[in-house]
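Q: Please arrange chains B and C on chain A, whose structure you already have, making use of the hints.
Read off the chains here:
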Amino acid sequence: MLKTTTLEAMLAAYPELAVSEFRGGTRVVAQRGKLFETLQWFLCQRGFDLLVDITCVDYLNYRDAKDRFGLVYLLASTETNERITIRVYLNEPELSVPSVVSLWEGANWMEREVFDMFGIVFDGHPDLRRILMPDEFTAYPLRKDYPLQGRGERHNFPVLRRNQA
Amino acid sequence: MAPTAAPTFQTHDLAHDEPVDYIWTLNFGPQHPATHTTLRLVLKLDGERVVDAMPDIGYLHSGFEKIGEHLDYNQYVTVTDRMNYISPMANNIAWHGAVEKLLGMELPPRAKYIRTILAELARISDHLLCNGAVGLDTGAFTFFLYGFYQREVLYDIFETLCGARFTNSYTRVGGVSQDFTPLVIEKIRTFLKTFPKTLEDMERLLNRNRIFVDRTKGVGVLTKEEATNRSATGPIARASGVTRDLRKDEPYLAYADMDFKVCCMKSGDCFARYLVRMAEMRESLKIVAQALENLPSGPVNVGQDERTALPDKGLVYRSIEGAIAHFELTMTNRGFETPHEECYSAIEAPNGELGFYLAGDGTDVAYRARCRPPSYIHFAIFPHLIRGHTLSDVVAVLGSLNVIAAELDR
Amino acid sequence: MALELPENVVVSKLDSLANWCRKNSLWPMPFATACCGIELMATGASKHDLARFGAEVFRFSPRQCDLMIVAGRVVMKMLPVLQRIWQQMHEPKWCISMGACASTGGVFDTYSVVQGIDRFIPVDMYIPGCPPRPEQLIQAIIDLQDKIQNEGTITGEEFELKSRQATKRALIELPVIQTPVHLLR
Numbered sequence: 001m002l003k004t005t006t007l008e009a010m011l012a013a014y015p016e017l018a019v020s021e022f023r024g025g026t027r028v029v030a031q032r033g034k035l036f037e038t039l040q041w042f043l044c045q046r047g048f049d050l051l052v053d054i055t056c057v058d059y060l061n062y063r064d065a066k067d068r069f070g071l072v073y074l075l076a077s078t079e080t081n082e083r084i085t086i087r088v089y090l091n092e093p094e095l096s097v098p099s100v101v102s103l104w105e106g107a108n109w110m111e112r113e114v115f116d117m118f119g120i121v122f123d124g125h126p127d128l129r130r131i132l133m134p135d136e137f138t139a140y141p142l143r144k145d146y147p148l149q150g151r152g153e154r155h156n157f158p159v160l161r162r163n164q165a
Numbered sequence: 001m002a003p004t005a006a007p008t009f010q011t012h013d014l015a016h017d018e019p020v021d022y023i024w025t026l027n028f029g030p031q032h033p034a035t036h037t038t039l040r041l042v043l044k045l046d047g048e049r050v051v052d053a054m055p056d057i058g059y060l061h062s063g064f065e066k067i068g069e070h071l072d073y074n075q076y077v078t079v080t081d082r083m084n085y086i087s088p089m090a091n092n093i094a095w096h097g098a099v100e101k102l103l104g105m106e107l108p109p110r111a112k113y114i115r116t117i118l119a120e121l122a123r124i125s126d127h128l129l130c131n132g133a134v135g136l137d138t139g140a141f142t143f144f145l146y147g148f149y150q151r152e153v154l155y156d157i158f159e160t161l162c163g164a165r166f167t168n169s170y171t172r173v174g175g176v177s178q179d180f181t182p183l184v185i186e187k188i189r190t191f192l193k194t195f196p197k198t199l200e201d202m203e204r205l206l207n208r209n210r211i212f213v214d215r216t217k218g219v220g221v222l223t224k225e226e227a228t229n230r231s232a233t234g235p236i237a238r239a240s241g242v243t244r245d246l247r248k249d250e251p252y253l254a255y256a257d258m259d260f261k262v263c264c265m266k267s268g269d270c271f272a273r274y275l276v277r278m279a280e281m282r283e284s285l286k287i288v289a290q291a292l293e294n295l296p297s298g299p300v301n302v303g304q305d306e307r308t309a310l311p312d313k314g315l316v317y318r319s320i321e322g323a324i325a326h327f328e329l330t331m332t333n334r335g336f337e338t339p340h341e342e343c344y345s346a347i348e349a350p351n352g353e354l355g356f357y358l359a360g361d362g363t364d365v366a367y368r369a370r371c372r373p374p375s376y377i378h379f380a381i382f383p384h385l386i387r388g389h390t391l392s393d394v395v396a397v398l399g400s401l402n403v404i405a406a407e408l409d410r
Numbered sequence: 001m002a003l004e005l006p007e008n009v010v011v012s013k014l015d016s017l018a019n020w021c022r023k024n025s026l027w028p029m030p031f032a033t034a035c036c037g038i039e040l041m042a043t044g045a046s047k048h049d050l051a052r053f054g055a056e057v058f059r060f061s062p063r064q065c066d067l068m069i070v071a072g073r074v075v076m077k078m079l080p081v082l083q084r085i086w087q088q089m090h091e092p093k094w095c096i097s098m099g100a101c102a103s104t105g106g107v108f109d110t111y112s113v114v115q116g117i118d119r120f121i122p123v124d125m126y127i128p129g130c131p132p133r134p135e136q137l138i139q140a141i142i143d144l145q146d147k148i149q150n151e152g153t154i155t156g157e158e159f160e161l162k163s164r165q166a167t168k169r170a171l172i173e174l175p176v177i178q179t180p181v182h183l184l185r
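Chains as they are written, first to last, in my numbering: chain A, 1 to 165; chain B, 1 to 410; chain C, 1 to 185.
One chain only, chain A, in its complex shape (with noise of 0.2 Å):
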């Protein structure tokens, strides 16, 4: 829950944020450009020193979605027990954002693994480069117009006999 306080600084500090409320969630859309000082304000001013997630959603089949990648930042305070869900949209060609991970160490691995699944690259990260898939891999897994069963990576292996060994 998101305190009337927190709501109504925010909105004197970035009047341009559009806030919706969804089962008690408070949800803000940022700017692309302002995406990095906005979190950081949550930081510093608000004290949301949680960073609970960062995760990403591709909107290509979606229903009246207007663009096609939506990140996600879920912060959370652990002094007040507040909780806010920051979203940012983004669209081909320009897939990349700021990295937080001056914020927030935690930030490291999660924005490697929005860049192994989504392939969105995160500026200013120490060491950006696949977590879960092997190196070799391509594509990116969890975009929409990527296969379930994959494109035949997986059985791309030699294969060992019983006298083979």
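Hints may contain errors.
[Stated by the list, open to error] Derived EDC-like pairs: lysine to aspartate or glutamate, alpha-carbon spacing no greater than 16 Å straight-line: (1) B:K101 - B:D361; (2) B:K224 - A:D49; (3) A:K144 - B:D312; (4) B:K286 - B:D259; (5) A:K66 - B:E341; (6) C:K47 - C:D66.
Simulated from the structure, these hints should not be mistaken for laboratory data.
The structure presented is a predicted model; accordingly, all values stated were derived computationally and were not measured.
A: Relative to chain A, chains B and C alone:
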């Protein structure tokens, strides 16, 4: 024991410095007994001291989130079982908690209490295995066997309840698959009576054991600020002094009615994490006892008229209405009507905050089913914890983080 | 030619003696990747006690083992490791594929999961179940012991050991698992 508290080795910025010839590289895993399952570490060693550790994961990445976009809300629960297979009940409850939040569904009180009891039993079984594995890795095999014997008792309870030992798939959208039978309640009561004695025995075995304390105290220290900054949650954050516990802070299910303490320590080392887990098991027992005492009567599923919960099997086989309701829910494109919305819901799983970020698109299949896995986030802290310690401490720190590979890679 | 033998002497084939020795001292190599590994641990722990069947000496070094139990799903990144470990084990050796995931991929029909390890390494025994109960694993080990007793030969002809050349060629052809360059920096 090292004579000085502060490590005396020289640090190197490995990314930029010239390679130093006495620093050597050791490959640890992916198939190694102390990694418990499958994860790989590349360690930079200066003699026996770890200068740096580089985790390499993904050896069990099976595309859970992609499957979540192809199975409906009731089917996907079987896949969450295989996520953190040490405490699958907690995963089931987290998944369906998120689905019910998306659908805006309020559970009947009995279902809430049943889920609370099972979540706490899952916490006990998780902590038993985690602490047992720490003991195993630091040389206390008996401790592990004590823990595993009690896990068998819990398996027996789960099996009586739903027929599977640990891949339970017990919850359903809007309730649970089976109600408690008197036999289950009796078995849980017996467990509540017998388990504290084993817990005392286990504490007597290790709490003052010289070898164990020497190997874990002061090893892998995580301070409070670092714990929050690196997104640690659960027992690991609480061992560092973060008082966050979702059961208290955002009471879900029936936790608001329960009287229990949040167990915290300040030192943040492996020993503190072990103690926090031991203490949490006692608190879990208290919660289970209270919930069992006050278990409300009534249905375990939301009303059937709403056509959201799967009907009882007896109804399906013996009445036409039940068969139709079951058929409507399981047919493709006839099941749930979800809002075009996204929501995040989390529970305090044994390992930390386990949450699901769900995007609904009107059908009965999630558009996006993101899991926030505590193991993944905790394993990212590992290189920070191990720097400066010896090679033998690697297993103690790994064990105390309780990294479950299937949840790590998903 | 009548030969008087004492009562404690048994006449048998050398093959059968070798098989009898092999089957009663299986040393499993637990290749436990996922949930089935927990049931594997439960099988070794006190309640089910695999020691009753002479197969409790779990060794984590492939060089010391002769029975690989693949417990859990094997994914793209793990398969080269599995093949490497299979090659490192000494003859005679056997493989049990434990659980639905190792045998067929199970519920994980996804881009990264190998749909059955028998596509890439030889498997002697499959155990169904997700995960199989400890009793099923014990039954599989008993069945494997029967198989070893009935089919094995002392020279290992069933493994086609004479084709040494093929072995060497396979070793050369298999890709060596290399540490990625960025990890070696």
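Q: Please flag the earlier hints that this structure goes against, numbers listed from lowest up.
A: 3, 6
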